[in-house]
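Novice: Below, each chain spelled out in residue letters.
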Amino acid sequence: MKPAVIAVLFCCLPPLAAIAAPWSFDAPLAVTTPPPQTTVFHHLDSSGRRNIAAADGTVAIAWEDDGDGTPRIYLAHKAYEEARFATALQVSGANEAFEPSILALGGKRFAVAWEEDGQVWARLVQIGDAPVPGPLLKISPASGAQASLANDGDGILVVWSEREGRFGRIRALRLGTDGLNLTPGKGCPVDTVPPIDEQLYPSGAVLQGRLVVAWEDRRPRHTIIMAAIETKPASCRFSAPVRISAKPPGRNLPYGAGHGVSRVALDRVGNERLFAAWADKRDFRHGYDIWGSYYQIGEAGFEQNEIVQDDFGGLSKQHHAAVAGHDTGTLLVAWDDEREGNVDVMLSWYEAGGWSDDWPLPGASGPGLQSNPSVTLDSDGNLHAAWVERDDVDGPTRLKYGFGRINRE
Amino acid sequence: MNCRRYAYLIAALLVLPALVLADPPEAYPFVSFDEAMAQSKRDGKLLFVYFGRYGCGYCEKTNREAFVNPEVKERYTSHYVLAYVDAESGRRLRLPSGERVPERELGTRYDALVTPVFTFMTPEGKPVLRLVGVQRIEDLINADDRIQAALAKVRQP
Numbered sequence: 001m002k003p004a005v006i007a008v009l010f011c012c013l014p015p016l017a018a019i020a021a022p023w024s025f026d027a028p029l030a031v032t033t034p035p036p037q038t039t040v041f042h043h044l045d046s047s048g049r050r051n052i053a054a055a056d057g058t059v060a061i062a063w064e065d066d067g068d069g070t071p072r073i074y075l076a077h078k079a080y081e082e083a084r085f086a087t088a089l090q091v092s093g094a095n096e097a098f099e100p101s102i103l104a105l106g107g108k109r110f111a112v113a114w115e116e117d118g119q120v121w122a123r124l125v126q127i128g129d130a131p132v133p134g135p136l137l138k139i140s141p142a143s144g145a146q147a148s149l150a151n152d153g154d155g156i157l158v159v160w161s162e163r164e165g166r167f168g169r170i171r172a173l174r175l176g177t178d179g180l181n182l183t184p185g186k187g188c189p190v191d192t193v194p195p196i197d198e199q200l201y202p203s204g205a206v207l208q209g210r211l212v213v214a215w216e217d218r219r220p221r222h223t224i225i226m227a228a229i230e231t232k233p234a235s236c237r238f239s240a241p242v243r244i245s246a247k248p249p250g251r252n253l254p255y256g257a258g259h260g261v262s263r264v265a266l267d268r269v270g271n272e273r274l275f276a277a278w279a280d281k282r283d284f285r286h287g288y289d290i291w292g293s294y295y296q297i298g299e300a301g302f303e304q305n306e307i308v309q310d311d312f313g314g315l316s317k318q319h320h321a322a323v324a325g326h327d328t329g330t331l332l333v334a335w336d337d338e339r340e341g342n343v344d345v346m347l348s349w350y351e352a353g354g355w356s357d358d359w360p361l362p363g364a365s366g367p368g369l370q371s372n373p374s375v376t377l378d379s380d381g382n383l384h385a386a387w388v389e390r391d392d393v394d395g396p397t398r399l400k401y402g403f404g405r406i407n408r409e
Numbered sequence: 001m002n003c004r005r006y007a008y009l010i011a012a013l014l015v016l017p018a019l020v021l022a023d024p025p026e027a028y029p030f031v032s033f034d035e036a037m038a039q040s041k042r043d044g045k046l047l048f049v050y051f052g053r054y055g056c057g058y059c060e061k062t063n064r065e066a067f068v069n070p071e072v073k074e075r076y077t078s079h080y081v082l083a084y085v086d087a088e089s090g091r092r093l094r095l096p097s098g099e100r101v102p103e104r105e106l107g108t109r110y111d112a113l114v115t116p117v118f119t120f121m122t123p124e125g126k127p128v129l130r131l132v133g134v135q136r137i138e139d140l141i142n143a144d145d146r147i148q149a150a151l152a153k154v155r156q157p
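Protein chains in written order, with this note's numbering: chain Z, 1 to 409; chain F, 1 to 157.
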């Protein structure tokens, strides 16, 4: 066959993976455009990787950047079909702020929680002609960080790591809303036993009114993923924590305490299940891989661990796992992946009882570095993704957004 | 000494080995990465960055079998500014570029997802030599010899 014919075929035939993907992506958009000649570092680093939320035709992204010289929290929004984001709104106050988590409440209201000056804060934002922020509410009693938000029917749940003496301890707090005001409800530590080592980076999801929280826990002298489940809806009383990340069989090294894991993300899948994903170094020779586990309502613990990425990811490094689930049972995980020699955002979705082949997110792969994805599915099943893009590892960043339209059969 | 004091002593002894599992080797002046960067620029010394992980077995092995050596200790404490990075930590620091990131992100930037990794860096944070995995006494001494020889060449008029 002549090379010209092969070239034509190559250009005209979409890749096989793209044919099978449930979404068709528009060209990616810039979320915010820094002034020319400025060096800005954007971060999408919320605990649980919840930096994007979508409902009622509006998508909003919350991030941290140091565009004015101080790390602050910003929110930008747009209607699904609009071609550009509105001017960003500063959400945080006067001090250094980090790791915002965002949640869509419906009625074009969004909740944002973040760390500022060593404490956790939250506020609502109403999207109108211009976004209007509500009053600030301090969440952490003393010193807290790593906040993550979850939907709780008409209310909000925030989980975070509160400093108690030497260690962080995971706490949960229900919040009500009254217009643009947040009202604190019932709160508690998730583990009733005071920590004997760090509890960090929680992520929560609500199943039939019960909050399920997963977090990094260092009690066995290395980092594992643990979870606790509310014993009754809205009770703020939890089961004894259970370990999710399994110990690999057959390895008892004379040194060290165990393998490493990092940054769990949770989301609900349908009405009875949720999925937790995290970075896991049980294959210690090649850095972290993406592993996960389902939880089914009524069960005391999570199901057996399963590897999310496909076999081609085994020799490269993966991290920053983000999860998006849907009422219909759709589930996807996105992460950073270096299998192509540079950092790309990869996706895998659950289909026919297993994980799909890994698929580079359109617009978030190729030259340069594309990393730190955050993903969500709207009520129609459209995929909204945000990620950070940079030309080199130390260079300034750009914040990008991709819209994946659900393919209708 | 009453029973309660004995109980405290036993508890303290039980906890002690666990505390050293993930830490840099004892009696070495390891500091955070950004502190070390500042000190390195001030003192004109290279950085020696230890990327470890809480509970890391090969870090502990290197601590117990190589860093305990007096010659290694003398060389590394006198020749370098020592930085320790917990590659799973959320503690924030500032990179040479000015970017604020958690220690975990520093590990990803310097390709330290397998631990331990030991990286010799210029005061500006540019890596000049990497040692990956368990190191023996002779590995650390050999690496120091190579770095010092290279520095001597650079300093020759």
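What the hints contain is simulated information worked out from the structure, not anything from laboratory work. Please note that the accuracy of each hint is not assured.
To be verified - No more than 25 Å apart at the CA atoms, straight line, and that leaves these computed lysine to any residue pairs for SDA-like:
1) Z:K247 with F:S78
2) Z:K317 with F:K41
3) F:K61 with Z:R282
4) F:K73 with F:R136
5) Z:K186 with Z:G118
6) Z:K317 with Z:N342
7) F:K61 with Z:P249
8) F:K61 with Z:K78
9) F:K126 with Z:P367
10) F:K61 with F:Q39
11) Z:K317 with F:L129
12) Z:K108 with Z:P135
13) Z:K317 with F:R155
14) Z:K138 with F:K61
15) F:K126 with Z:E389
16) F:K61 with Z:Y255
17) F:K41 with F:R155
18) F:K126 with Z:L369
19) Z:K78 with Z:D65
20) F:K41 with Z:A27
21) F:K41 with F:E138
22) Z:K232 with Z:R282
23) Z:K108 with Z:D56
24) F:K61 with Z:D56
25) F:K126 with Z:G314
Novice: Does each hint hold? Answer for all of them.
Specialist: Taking the hints in turn, this is what the structure says about them:
no. : hint               : verdict
1   : Z:K247 with F:S78  : violated, 40 Å
2   : Z:K317 with F:K41  : violated, 32 Å
3   : F:K61 with Z:R282  : holds, 18 Å
4   : F:K73 with F:R136  : holds, 13 Å
5   : Z:K186 with Z:G118 : holds, 22 Å
6   : Z:K317 with Z:N342 : holds, 10 Å
7   : F:K61 with Z:P249  : holds, 21 Å
8   : F:K61 with Z:K78   : violated, 53 Å
9   : F:K126 with Z:P367 : holds, 22 Å
10  : F:K61 with F:Q39   : violated, 28 Å
11  : Z:K317 with F:L129 : holds, 21 Å
12  : Z:K108 with Z:P135 : holds, 17 Å
13  : Z:K317 with F:R155 : violated, 38 Å
14  : Z:K138 with F:K61  : violated, 44 Å
15  : F:K126 with Z:E389 : holds, 22 Å
16  : F:K61 with Z:Y255  : holds, 6 Å
17  : F:K41 with F:R155  : holds, 17 Å
18  : F:K126 with Z:L369 : holds, 19 Å
19  : Z:K78 with Z:D65   : holds, 19 Å
20  : F:K41 with Z:A27   : violated, 44 Å
21  : F:K41 with F:E138  : violated, 28 Å
22  : Z:K232 with Z:R282 : violated, 34 Å
23  : Z:K108 with Z:D56  : holds, 7 Å
24  : F:K61 with Z:D56   : violated, 55 Å
25  : F:K126 with Z:G314 : violated, 29 Å
Hint violations for this structure: numbers 1, 2, 8, 10, 13, 14, 20, 21, 22, 24 and 25, all remaining hints satisfied.
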